[in-house]
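Peer 1: Here the structure of chain Y is known, so what remains is to put chain W in place on it, guided by the hints.
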Amino acid sequence: MLDFHILTKYFDWYMEGLGNVALACLLAIAGSFVLGTVIAVFRISSIRLLNVVGVTYVEVIRNIPLLLVVYGFYLLPPVFGLSAVDGFKSGTLGLTVYTAAFIAEAVRAGIISVPKGQSEAARASGLTYLQTMRHIILPQAFRIVVPPIGNQFLNIVKNSAILGVVAGFDLMYYADKISSKTYITFTPYLFVGMFYLVLTVPISIGLKLLERRLSQSN
Amino acid sequence: MDFVGAYEWPNIRFILQGLLVTLEVALYSIVLSFVLGCILATIRYSKMPGLSHAVGLWVETIRNLPLLLIIFFTHFALPEVGFKMNVFVSAVVALTVFESAMIAEIVRGGLLSIDKGQTEAGRASGLTYLQTLWHIVLPQALRKMVPPTVSQFIALLKDTSLAVIIALPEVVHNMNIVKSQNVNYTMPAFLLVAVLYFLVNFSLSRLAKRLELKTH
Chain Y
1 MLDFHILTKY FDWYMEGLGN VALACLLAIA GSFVLGTVIA VFRISSIRLL
51 NVVGVTYVEV IRNIPLLLVV YGFYLLPPVF GLSAVDGFKS GTLGLTVYTA
101 AFIAEAVRAG IISVPKGQSE AARASGLTYL QTMRHIILPQ AFRIVVPPIG
151 NQFLNIVKNS AILGVVAGFD LMYYADKISS KTYITFTPYL FVGMFYLVLT
201 VPISIGLKLL ERRLSQSN
Chain W
1 MDFVGAYEWP NIRFILQGLL VTLEVALYSI VLSFVLGCIL ATIRYSKMPG
51 LSHAVGLWVE TIRNLPLLLI IFFTHFALPE VGFKMNVFVS AVVALTVFES
101 AMIAEIVRGG LLSIDKGQTE AGRASGLTYL QTLWHIVLPQ ALRKMVPPTV
151 SQFIALLKDT SLAVIIALPE VVHNMNIVKS QNVNYTMPAF LLVAVLYFLV
201 NFSLSRLAKR LELKTH
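As you go down the protein sequences, you meet chains Y and W in turn. To convert, note that position 20 of the first sequence is 20 in the UniProt record's numbering; the numbers rise steadily by one, no gaps. To convert, note that position 64 of the second sequence is 64 in the UniProt record's numbering; the numbers rise steadily by one, no gaps.
These are computed hints drawn from the structure, not numbers from a lab. Among these hints, one or two may not hold up.
[What the hints assert, rightly or not] The following label-pair restraints were derived from C-beta to C-beta distances: (1) Y:A167 / W:D115: 48 to 58 angstroms; (2) W:R210 / Y:V52: 22 to 32 angstroms; (3) Y:A167 / W:E24: 24 to 34 angstroms; (4) Y:P148 / W:L199: 20 to 30 angstroms; (5) Y:E120 / W:F14: 55 to 65 angstroms; (6) Y:Y129 / W:S151: 24 to 34 angstroms; (7) W:P49 / Y:K181: 37 to 47 angstroms; (8) W:P49 / Y:E120: 48 to 58 angstroms; (9) Y:S83 / W:S180: 14 to 24 angstroms.
Glycine residues also receive a C-beta, built at the ideal position from the N, C-alpha and C atoms.
With the rest of the complex left out, here is chain Y (with noise of 0.2 angstroms):
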C-alpha cells in the first residue's frame, strides 16, 4: 500500500511544492503579524474612524471562511477590470489578510492587559502616543500575547492547503498532478500528509515548550 517508489520518483515535485509552501507561509506570517498589529492599534485607538476600520475589518473578516477570503483575491480583479491574480499570491493574500483579523484580537488583549498606568508614566514622561505604543505597550503586550501569536502561526501553515483549490503550485497541486500520471491517489497524498507533519509537528511542540516556559516565569 504505502509504494515509496513514488515518493523517490517525484521527489523534485515534492520539493517543489514544499518550498512554495513554506515560502506562503513565511510571507503570510510576516505580513500578517504586520497588518494584525495595525490593525489591533486602530482598534484601540481613541481615534473614531480608526476604531470604526478595525472593529470593521476583525468582525468581517472572522465571520467569512478563508476560502471566501482567498477567492476575493483571486475571482473579483478581473471583474473590476484590473489583471488577474495567480493561485499562489491570491492564497498567500487571503491567508495575511484572513490571520491577520486573528491576530488583531490576540494582540488588543495583549494591550489591554497593560496596566493604564505605563502609558499615563510615559506619556507623563514626555513621549508621544506612538512612542508609548513602540517603547512602552507593545514590548510587554507581545510578551503575553506570544502563544496565541503561535498557535496563529501554526494555522496559517495547515490552512496554506488552501492554495490547491486555487491552483497555487503548493503540495496538494503537485500530488494532483502525480496522482494523475500514476492513476493513485492514496499514496501520493498520503506523503503530502508526512510532509505536512515535518512542518507542523516541530512548530507545535515548539509551542507547548514556549507556553509552559512562559507559565513557569511568571
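Peer 2: Here is chain W on its own, set in the frame of chain Y:
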C-alpha cells in the same frame, strides 16, 4: 456587474439551498464531533495503559494536518482501500474526524483544570472512577469549555466551505455555479455568500457571548 440578473429568484434559491446543505453538514458534524471529542478526551485523561497514548498520538496527528487534505483524502483516497462514501457522508466523516480532535483538546483542557482534590473526594466518598468523572469532574469542566467550544463550532461552520474540493453542493459550490453562468454575476454572487456567512456566524457569536455571561 449585473445585480438584477444575478439576484433573480432561481439564483438566490440555488444559493440558499447551498446554505442549507452547509448548515446540515455542519450540524451533523457538530453533534458527532462533540460526542467523539468527549470520548477521546476522557480516554486520554484517564491514563489507561496503551490506549491513552494511542488516542493522544491520534489527536495530535490529526490536529497537525490540514483539514482540506483530510476532506480530499476521505473522499478520493479511501475508496482505493475499500471505503466508498457519497460526498455528503465524506464531508461529515472528514469534518468529524478533524473537529473531534480539536474538541478533544478543549475537553481535556477543561478536565485538567479541575482540582485533583475533587476526584480524590469523589473516590473517598465511595464513587467509582467513572461515577466520579461523570458526576463530579465533567459537570465542572463543561462550564469552562463553553466559550472555546462555541468558537470551535463557528470555525466548523466556516470550514464546511472546504468541502467545495469534493464538490459537496454547499453554498460556495453553488456560488461557483451561479457565477459560471455569466461573468457579471461573479461579484453579486460572491457578496451574497459573504453576507450570508457573516449573518449566520455573527449571530452565533453574539449568542455565545450571551451564554458566556449567563454561565458566569
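Peer 1: State, for the Cβ atoms of Y:Y129 and W:S151, whether the hinted interval 24 to 34 angstroms holds or is violated.
Peer 2: 32 angstroms, holds
Peer 1: May I ask you to test the hint 37 to 47 angstroms on the CB atoms belonging to W:P49 and Y:K181?
Peer 2: Given range 37 to 47 angstroms: holds, Cβ gap about 45 angstroms.
Peer 1: Okay, Y:P148 versus W:L199 on CB: inside 20 to 30 angstroms?
Peer 2: Cβ of Y:P148 to Cβ of W:L199: about 27 angstroms, so the range 20 to 30 angstroms holds.
Peer 1: Given the range 48 to 58 angstroms, decide if the beta-carbon distance of W:P49 to Y:E120 lies inside it.
Peer 2: Holds: the Cβ-Cβ distance is about 57 angstroms, inside 48 to 58 angstroms.
Peer 1: Please test the hint of 48 to 58 angstroms on the beta carbon pair from Y:A167 and W:D115.
Peer 2: 52 angstroms, holds
Peer 1: Per the hint of 24 to 34 angstroms, is the separation of the Cβ atoms of Y:A167 and W:E24 within bounds?
Peer 2: 29 angstroms, holds
Peer 1: Range hint 55 to 65 angstroms: satisfied by the CB atoms of Y:E120 and W:F14?
Peer 2: Given a distance of about 57 angstroms, which is inside 55 to 65 angstroms, the answer is holds.
Peer 1: That 14 to 24 angstroms hint for Y:S83 and W:S180 (C-beta), does it hold up?
Peer 2: Holds: the Cβ-Cβ distance is about 21 angstroms, inside 14 to 24 angstroms.
Peer 1: Measuring from beta carbon to beta carbon, are W:R210 and Y:V52 in 22 to 32 angstroms?
Peer 2: 24 angstroms, holds
Against the hints set out earlier in the document, no violation occurs for any number.
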